[in-house]
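Asker: Given these sequences and hints, build the entire structure.
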Amino acid sequence: MSKIAVIAHDNFKPNLLEFLKGKKSWFFGREIVATGRTAEFLEAGDLNLPLLHVNKGSDGGYLQITEMIKNGEVGIVFFFRDATIVQPYHEDISKLLNTCDLENIPLSTNQAGAELLIIGKIRMEASEKAQSKLNSNQ
Amino acid sequence: MKIAVIAHDGTKDRLRGFIQSKIDMISNHTIVCTKSTSKIVKEFNLDVSAVESGPLGGDAQIAAQIVSNDIEAVLFLRDPLGKHPHEPDINMLLRLCDVYQVPLATNFKTAEILLNHFKNL
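Protein chains in written order, with the working numbering: chain C, 7 to 144; chain R, 2 to 122.
The hints are simulated quantities; they were obtained by calculation from the structure and are not laboratory data. There's no promise every hint is true.
Beta-carbon label-pair distances, calculated as ranges [unchecked claim]: (1) C:GLU46 x R:ASN46: 46 to 56 Å; (2) C:ILE91 x R:ALA65: 34 to 44 Å; (3) R:ARG96 x C:LEU140: 37 to 47 Å.
Calculated pairs, DMTMM-like style, for lysine to aspartate or glutamate (alpha carbon to alpha carbon, straight line, at most 20 Å) [said to hold, decoys possible]: (4) C:LYS101 x R:ASP71; (5) C:LYS127 x R:GLU113; (6) R:LYS120 x C:ASP52; (7) C:LYS30 x C:GLU121; (8) R:LYS23 x C:GLU131.
The beta carbon of each residue, even a glycine, is placed where N, CA and C say it ideally should be.
Answerer: This is the structure in structure tokens:
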């Protein structure tokens, strides 16, 4: 099963934590990868889901996740981006977003989109499951 | 609900196929497009309002509608490999979606999942 990438800028780290906790049953058992400080924040917030850490964003974390996307290892990206700040590694962020679009990987750059994306994803998985059950009964 | 749909030249052909396969999910929404994208949407007899084309400020017009809370979701099927004279406008649109927490899809797979969700609303 492919990995889920989660990243949040500082202002949105608490929102990401709540988001993950709220949908914990869906995330449970899936491999989650997070940039360094996001991962630390989530662990300190008692998320209790195993997280794969990459470097923090300023030390190439975005590029590591971008590589994983290119290798087909990532199935969905939740990026809680703070678009009111500018960061020195802006280029790395652009690369990550561009790679998602080139590889056609589901991506949300804000929480509103993430909430919809995950519900849409859960529904699609449920209908795929129902369909395959239907097919195996035929 | 009101959805903005924008496709770059490099993704317009794919947009045609995408609308065709998702027509039942798209037809019950109010759609606003940049000019040349609106021509594709009109091929499917969908009701669409058009703003200017991207290089003439269409992205900026849609961004303004985001700021005034008129748009509920953005499907921006962009071509990250293309060079665009209005790159700053594009980045502004993406940025404001995140500032105003408007659901945004920048690729077809994300757009499909979001539409799949909206059809039940």
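Asker: Give a verdict on every hint.
Answerer: We went through each hint and held it up to the structure:
1. C:GLU46 x R:ASN46: 46 to 56 Å: holds (53 Å)
2. C:ILE91 x R:ALA65: 34 to 44 Å: Violated, since ILE91 (chain C) and ALA65 (chain R) (Cβ atoms, about 22 Å apart) do not stay within the stated range.
3. R:ARG96 x C:LEU140: 37 to 47 Å: Given about 44 Å between the Cβ atoms, the range holds.
4. C:LYS101 x R:ASP71: With a Cα-Cα distance of about 30 Å, the restraint between LYS101 (chain C) and ASP71 (chain R) is violated, given a limit of 20 Å.
5. C:LYS127 x R:GLU113: holds (10 Å)
6. R:LYS120 x C:ASP52: violated (35 Å)
7. C:LYS30 x C:GLU121: Between LYS30 (chain C) and GLU121 (chain C) the Cα gap is close to 13 Å, so the pair holds against 20 Å.
8. R:LYS23 x C:GLU131: holds (18 Å)
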